[in-house]
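K.L.:
Below, each chain spelled out in residue letters.
There are 2 protein chains.
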Amino acid sequence: MKPQDIEKRSFEIITAELGERTFPAGIAEVVKRVIHTTADFDYADSLAFSPDVIEKAKAALAAGATVVTDTNMALSGVSKATLAKLGGKAVCLMADEQVASEAKARGVTRAVVSMEHAAKFEGPLLFAIGNAPTALIRLHELIEEGIVAPALVIGVPVGFVNVVEAKELFIGGDTPYIIARGRKGGSNVAASIVNALLYQMVHREGF
Amino acid sequence: MKPQDIEKRSFEIITAELGERTFPAGIAEVVKRVIHTTADFDYADSLAFSPDVIEKAKAALAAGATVVTDTNMALSGVSKATLAKLGGKAVCLMADEQVASEAKARGVTRAVVSMEHAAKFEGPLLFAIGNAPTALIRLHELIEEGIVAPALVIGVPVGFVNVVEAKELFIGGDTPYIIARGRKGGSNVAASIVNALLYQMVHREGF
Numbered sequence: 213m214k215p216q217d218i219e220k221r222s223f224e225i226i227t228a229e230l231g232e233r234t235f236p237a238g239i240a241e242v243v244k245r246v247i248h249t250t251a252d253f254d255y256a257d258s259l260a261f262s263p264d265v266i267e268k269a270k271a272a273l274a275a276g277a278t279v280v281t282d283t284n285m286a287l288s289g290v291s292k293a294t295l296a297k298l299g300g301k302a303v304c305l306m307a308d309e310q311v312a313s314e315a316k317a318r319g320v321t322r323a324v325v326s327m328e329h330a331a332k333f334e335g336p337l338l339f340a341i342g343n344a345p346t347a348l349i350r351l352h353e354l355i356e357e358g359i360v361a362p363a364l365v366i367g368v369p370v371g372f373v374n375v376v377e378a379k380e381l382f383i384g385g386d387t388p389y390i391i392a393r394g395r396k397g398g399s400n401v402a403a404s405i406v407n408a409l410l411y412q413m414v415h416r417e418g419f
Numbered sequence: 213m214k215p216q217d218i219e220k221r222s223f224e225i226i227t228a229e230l231g232e233r234t235f236p237a238g239i240a241e242v243v244k245r246v247i248h249t250t251a252d253f254d255y256a257d258s259l260a261f262s263p264d265v266i267e268k269a270k271a272a273l274a275a276g277a278t279v280v281t282d283t284n285m286a287l288s289g290v291s292k293a294t295l296a297k298l299g300g301k302a303v304c305l306m307a308d309e310q311v312a313s314e315a316k317a318r319g320v321t322r323a324v325v326s327m328e329h330a331a332k333f334e335g336p337l338l339f340a341i342g343n344a345p346t347a348l349i350r351l352h353e354l355i356e357e358g359i360v361a362p363a364l365v366i367g368v369p370v371g372f373v374n375v376v377e378a379k380e381l382f383i384g385g386d387t388p389y390i391i392a393r394g395r396k397g398g399s400n401v402a403a404s405i406v407n408a409l410l411y412q413m414v415h416r417e418g419f
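Just so you know, the sequences run in chain order A and B. Read in order, the letters of the first sequence correspond to residues 213 to 419 in the working numbering. Read in order, the letters of the second sequence correspond to residues 213 to 419 in the working numbering.
It is worth saying that the hints were derived from the structure and are not from the lab. Any given hint might turn out to be false.
[What the hints assert, rightly or not] Capping the alpha-carbon separation at 25 angstroms, the derived lysine-lysine pairs in PhoX-like fashion look like this: (1) A:K214 x A:K270; (2) A:K297 x A:K220; (3) B:K316 x B:K268; (4) B:K316 x A:K220; (5) B:K292 x A:K292; (6) A:K214 x B:K268; (7) A:K316 x B:K268; (8) A:K316 x B:K316; (9) A:K292 x B:K316; (10) B:K332 x A:K297.
[Stated by the list, open to error] For the chain B half of the interface with chain A, some residues (derived, Cβ under 10 angstroms), not all of them: (11) R221; (12) T321; (13) H329; (14) A331; (15) H352; (16) G394.
Virtual Cβ for every residue (Gly too), placed ideally from N, Cα, C.
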């Protein structure tokens, strides 16, 4: 079986096992791709979507958005070739030396400083946060302060400390969001949500 | 809270929630780090370890092993700085142009070809497979054919097609293994298992 046939069959299995649980177009692709990435059907319940978020995210991506991740692992998982076809790019500042030295000097996490630097980028911004709750908390502050207005916040950090609370900050708010409520998430989940949006917009070779 | 304090507290929560479920030293670190990476306690049941696998893996890492991954995402997640302190390195051949062209010419997956090329590497080899069941199947064939004798196979691909079967090939076999039985796993899980071994051997700054 070719990779594209395996993926097709996998999505058929996921759809079958979801049974009577159906999702609106656009959202269904996100939910199923996250399950495809994790084999964890809990995401059918935990993923929360703000109103019209898929349309808003697609509009931003069509306009050549910058995707900002909080780990190099998420950056690695985002289909940058697909993103480039739309004129977009993906960036992670966690290994940036200036970010590291500033974080050390101020006694904050690199995730915090990387959000502050990324907030200054031009053009539509999509934040894909799969690891650091501090990134999500600082991002929420920057939004409240009017410093940044993200086109989308993908808030899916995984963990046991401060994670649930950081994600809840966005629920019901004005910023378009896709949030994995609860403890679960990860860099792989963050990347798969970005890809689920991209693959609705751009034909993938062999697929 | 500093990242190292958050991690410490997270492991305390995981230990508490595991309750009476305890694991041998070495194995406990792997199980808990995978749960830390995924917030998924299913791994306490699904992870399978061959006899003395922790000791064997540590011996290989101490001898300067090469860690071979089947995705750049897993490569990105492995603590390469820690690995380098032991004289080891991590490699992923999935983006190698020669691998890509050979896979296309032969009509097989790049994962298959990347395993064949990696099998020729000198020194102790640790394979960390988080994505492609075809990588795991080809690796098992290469072992059977006497072409490679891995010091460790971390077999944790995630998915719905051929994944469970590919992982079961190794259970009870002679090659040292850490396998996540069932559908679950991923590049993040593969990387976290490598790191769980490394962090038992090398002091991490700030931890």
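K.L.:
Determine for every hint whether it applies to the structure shown.
P.N.:
Comparing the hints with the structure gives:
A threshold of 25 angstroms between alpha carbons decides the hint, and for A:K214 with A:K270 the separation of about 29 angstroms lies outside it, so the pair is violated. This hinted pair checks out: A:K297 and A:K220 have alpha carbons roughly 23 angstroms apart, not beyond 25 angstroms. Between B:K316 and B:K268 the alpha-carbon distance is near 36 angstroms, which puts this suggested pair outside the 25 angstroms criterion. At roughly 20 angstroms between alpha-carbon atoms, B:K316 and A:K220 fall within 25 angstroms of each other, so this suggested pair holds.
Using a Cα cut-off of 25 angstroms, the hinted pair B:K292 and A:K292 holds, with the two alpha carbons roughly 23 angstroms apart. Taking the CA atoms of A:K214 and B:K268, the gap is near 35 angstroms; set against the 25 angstroms cutoff, the hint is violated. Taken as a hint, the A:K316 and B:K268 pair is broken in the structure, with Cα atoms around 37 angstroms apart against an allowance of 25 angstroms. Taking the CA atoms of A:K316 and B:K316, the gap is about 47 angstroms. The hint is violated against a cut of 25 angstroms.
A threshold of 25 angstroms between alpha carbons decides the hint, and for A:K292 with B:K316 the separation of about 21 angstroms falls inside it, so the pair holds. Taking the CA atoms of B:K332 and A:K297, the gap is about 36 angstroms. The hint is violated against a cut of 25 angstroms. Because the closest C-beta pair between B:R221 and chain A is about 5 angstroms apart, less than 10 angstroms, the hint holds. With 10 angstroms as the threshold, the beta carbon of B:T321 comes within range of chain A, its nearest partner Cβ sitting at about 6 angstroms, so the hint holds.
A distance limit of 10 angstroms between C-beta atoms decides the matter here; for B:H329 the minimum to chain A is near 19 angstroms, and the interface restraint is violated. The closest approach between the C-beta of B:A331 and any C-beta of chain A is roughly 21 angstroms, which is over the 10 angstroms cut-off, so the hint fails. A hinted interface residue such as B:H352 counts as satisfied when its beta carbon comes closer than 10 angstroms to some beta carbon of chain A; here the least separation is about 17 angstroms, so the hint is violated. The closest approach between the C-beta of B:G394 and any C-beta of chain A is roughly 8 angstroms, which is under the 10 angstroms cut-off, so the hint is satisfied.
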